[in-house]
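Novice: For the protein sequence lines, the chains are A and B, in the order given. If you're matching positions, the first sequence starts at 1 in the numbering used here and goes up one per residue. If you're matching positions, the second sequence starts at 1 in the numbering used here and goes up one per residue.
For the record, the hints were derived by calculation from the structure and aren't laboratory data. Hints may be right or wrong, so weigh each one.
With a straight-line Cα cutoff of 30 Å, these simulated BS3-like cross-link-like pairs (lysine-lysine) come out [to be verified]:
| no. | chain 1 | residue 1 | chain 2 | residue 2 |
| --- | --- | --- | --- | --- |
| 1 | A | Lys389 | A | Lys506 |
| 2 | A | Lys305 | A | Lys506 |
| 3 | A | Lys55 | B | Lys58 |
| 4 | B | Lys60 | A | Lys389 |
| 5 | A | Lys305 | A | Lys460 |
| 6 | B | Lys40 | B | Lys60 |
| 7 | B | Lys47 | A | Lys25 |
| 8 | B | Lys60 | A | Lys460 |
| 9 | A | Lys305 | B | Lys58 |
| 10 | A | Lys506 | A | Lys338 |
No experiment lies behind these values; they were computed from the predicted model shown.
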Amino acid sequence: MMEHLPALMIAIPLFGAFTTPLLKKRQNIAAIWALIITVITFGLSLLLLQEVLSKGIIVYVFGANKPTLVLPSGYRVPVRIIFEIDAMGAFMALSATLMSFIGALYSYSHVEMETGLEKYYALLLLLEVGIIGMVLTGDLFNLFVFLEVAGIAGSALVGFRNYRGEASEAGIKYLMVSSVASLMVLFSIGLLYGQYGNLNMAYLSRQIHLDTVDMIALGLLFVSFAMKCGAVPMHYWVPDAYTEVPAGINPTLLVATYASLYALFRVSFSLFGAITWNMARVGWIMSILGVLTMFIGVTMALVQKDVKRLMSYHAISQTGYMLLGVGVGLTVLNDPAKLSAFGRAAMAGGIFHIINHIIYKSLLLMTAGALFYVTGTRNLNEMGGLARKMPYTTIAFIVGAAAISGLPPFNGFASKFLIYETSYQLNPLLAVFAMVTSVLTLASFVKVFASAFLGPPLEKYEEVREVPKPMVTAMIILAILCILFGLFPNVVLNKLIYPAVDALIKLAQYQSWGGLV
Amino acid sequence: MNFTLLSPSGFWDPVLWLIFLILFGIIGYIIYSRGNPSYKPNTEQVKPYLSGNVEPSKEKIMVRAGDIYWGFITALDEYYVALKRMHTGDLRDYILWYLGIGAIILFILVGGV
Chain A
1 MMEHLPALMI AIPLFGAFTT PLLKKRQNIA AIWALIITVI TFGLSLLLLQ
51 EVLSKGIIVY VFGANKPTLV LPSGYRVPVR IIFEIDAMGA FMALSATLMS
101 FIGALYSYSH VEMETGLEKY YALLLLLEVG IIGMVLTGDL FNLFVFLEVA
151 GIAGSALVGF RNYRGEASEA GIKYLMVSSV ASLMVLFSIG LLYGQYGNLN
201 MAYLSRQIHL DTVDMIALGL LFVSFAMKCG AVPMHYWVPD AYTEVPAGIN
251 PTLLVATYAS LYALFRVSFS LFGAITWNMA RVGWIMSILG VLTMFIGVTM
301 ALVQKDVKRL MSYHAISQTG YMLLGVGVGL TVLNDPAKLS AFGRAAMAGG
351 IFHIINHIIY KSLLLMTAGA LFYVTGTRNL NEMGGLARKM PYTTIAFIVG
401 AAAISGLPPF NGFASKFLIY ETSYQLNPLL AVFAMVTSVL TLASFVKVFA
451 SAFLGPPLEK YEEVREVPKP MVTAMIILAI LCILFGLFPN VVLNKLIYPA
501 VDALIKLAQY QSWGGLV
Chain B
1 MNFTLLSPSG FWDPVLWLIF LILFGIIGYI IYSRGNPSYK PNTEQVKPYL
51 SGNVEPSKEK IMVRAGDIYW GFITALDEYY VALKRMHTGD LRDYILWYLG
101 IGAIILFILV GGV
């Protein structure tokens with residue numbers, strides 16, 4: 001079974017997605033079925049990660065035993081769909097499966113009063129398939145296909161509460177933005193296929209010599225994935241989508257966003273990584289986009305009154321830290337002295353921040369979902385004094401807010417610590433913006449805490465009680481992860497993050513399909 | 001197992017930090033426990049003194065989210081006017097920003113700025 005792990009990672013949630021609609025008349029069974037599928041997929045992703053960490057890059061070829069097999073005989077290059085899984089891909093797959101499980105668990109109670117839940121869970125599993133495919137594949141066209149699967153499933157879920165006009169609008173906006181970005185990705189892939197006659201990323205990486213057509217392809221891929229990951233000033237779809245999507249989908253949708261960030265990193269480090277002179281320039285573009293993203297995101301968050309919209313702007317802001325960390329690494333990628341002095345640590349900070357942010361932002365969006373569940377509003381002006389009524393949600397919120405603000409000893413601090421220090425070494429101004437953003441983040445969450453949880457109990461919320469157990473359980477699991485990742489950052493960095501960073505840096509391993517050619 | 005996170009020019013030991021947090025927490029609790037014990041919850045003592053006026057309802061006197069950081073936001077009014085002008089909510093603008101940024105990035109890469 002182990003040799004077919006990559007295929008099973010796709011096949012099992014896909015099987016779940018196609019069978020869930022059959023449970024239309026027993027919607028609670030559909031929820032349990034989705035939960036079982038996400039647990040199995042999470043288990044498989046743990047096995048996959050263990051395999052990759054112990055044996056190195058896994059290459060899985062659909063329809064052949066080895067990637068180098070050339071059919072028809074005599075053809076110049078191998079033509080097959082290949083999954084190439086390094087530590088970075090396995091890390092992302094683990095994030096996707098964990099968050100899909102948490103999302104399914106939270107959704108069990110959060111959306112139980114809605115109708116059409118068989119479609120909801122089928123789409124959740126399809127979204128998971130899309131993300132896993134994006135992060136495991138070694139084929140550009142395959143990447144586009146899974147990007148489309150994730151985009152379509154994600155937009156349908158954003159518009160799930162179609163009795164709300166805002167949800168339908170947000171769903172259509174997300175669909176249109178995804179379609180435009182995907183179309184440009186497809187166009188870029190077409191350019192590269194026209195140039196080199198192949199779609200395999202490792203193969204293309206060995207061939208690319210960066211003429212004008214290649215540069216256009218790089219620019220289009222870069223800007224399309226930057227929009228899909230919510231980089232400023234192409235972030236406008238993020239608050240619309242994150243606010244309207246049911247809170248149980250927020251964790252998986254977050255990972256879908258970061259699957260595009262992963263694609264951006266893959267394009268920059270693996271596909272075009274062999275090009276030396278231009279990548280420092282791309283690194284600077286990434287770092288500046290990162291600073292803009294974090295600052296504009298947080299200042300927009302500060303003025304929001306809708307609790308989920310506020311948190312959505314913070315999601316944009318935190319993406320800036322990841323872009324900054326990895327951008328610093330990319331800027332010095334071809335300078336061995338600077339790369340070992342601070343570039344590798346900067347990338348570790350950026351990639352560590354992906355998993356940290358996925359955990360605490362999912363937690364915070366779930367607490368916002370819990371507030372909506374009990375009060376029926378997302379308007380912070382109408383809330384107050386809920387801490388006494390919802391103790392578990394309050395604790396979960398405090399942990400999430402402290403983590404996103406970079407307060408020690410929670411997980412956000414560890415990754416931000418690395419980003420501050422390393423970005424300072426590239427340019428002190430970058431670190432100043434990063435720190436000011438953290439201060440504003442804390443200020444923003446103090447506002448949410450004061451207006452929703454503190455203050456005298458309001459009469460209209462006299463009967464309010466804590467949210468159901470599955471929702472509390474999902475939030476507590478994430479809160480515990482925030483604390484554990486913060487208390488033992490070194491363990492996470494050494495076991496998970498640095499192997500992922502090295503997978504991006506060591507291009508020769510990726511280009512040779514883990515040493516097969 | 002080593003729990004200390006080493007950075008390029010420093011280190012961070014969360015376990016040590018936690019030990020200090022607990023230590024200072026205990027010191028804080030000792031100071032708190034030596035405070036005035038005459039406070040009695042659910043009595044007249046906890047009501048605010050309003051010069052004899054009737055206490056307004058909680059909903060009326062609570063500080064709302066929209067009022068928090070009023071000074072900060074007012075001071076940055078021009079910045080926020082510009083930001084809000086960017087956030088139109090119009091899908092066509094979303095695509096225009098994408099095209100604009102795409103053009104700039106292509107210009108930097110292809111034009112060799």
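Novice: It remains to establish, for every hint, whether it holds in the given structure.
Specialist: Right, here's what the structure says about each hint:
no.: 1; hint: Lys389/A - Lys506/A; in the structure: violated (52 Å)
no.: 2; hint: Lys305/A - Lys506/A; in the structure: violated (45 Å)
no.: 3; hint: Lys55/A - Lys58/B; in the structure: violated (63 Å)
no.: 4; hint: Lys60/B - Lys389/A; in the structure: holds (20 Å)
no.: 5; hint: Lys305/A - Lys460/A; in the structure: holds (19 Å)
no.: 6; hint: Lys40/B - Lys60/B; in the structure: holds (26 Å)
no.: 7; hint: Lys47/B - Lys25/A; in the structure: violated (55 Å)
no.: 8; hint: Lys60/B - Lys460/A; in the structure: holds (13 Å)
no.: 9; hint: Lys305/A - Lys58/B; in the structure: holds (20 Å)
no.: 10; hint: Lys506/A - Lys338/A; in the structure: holds (16 Å)
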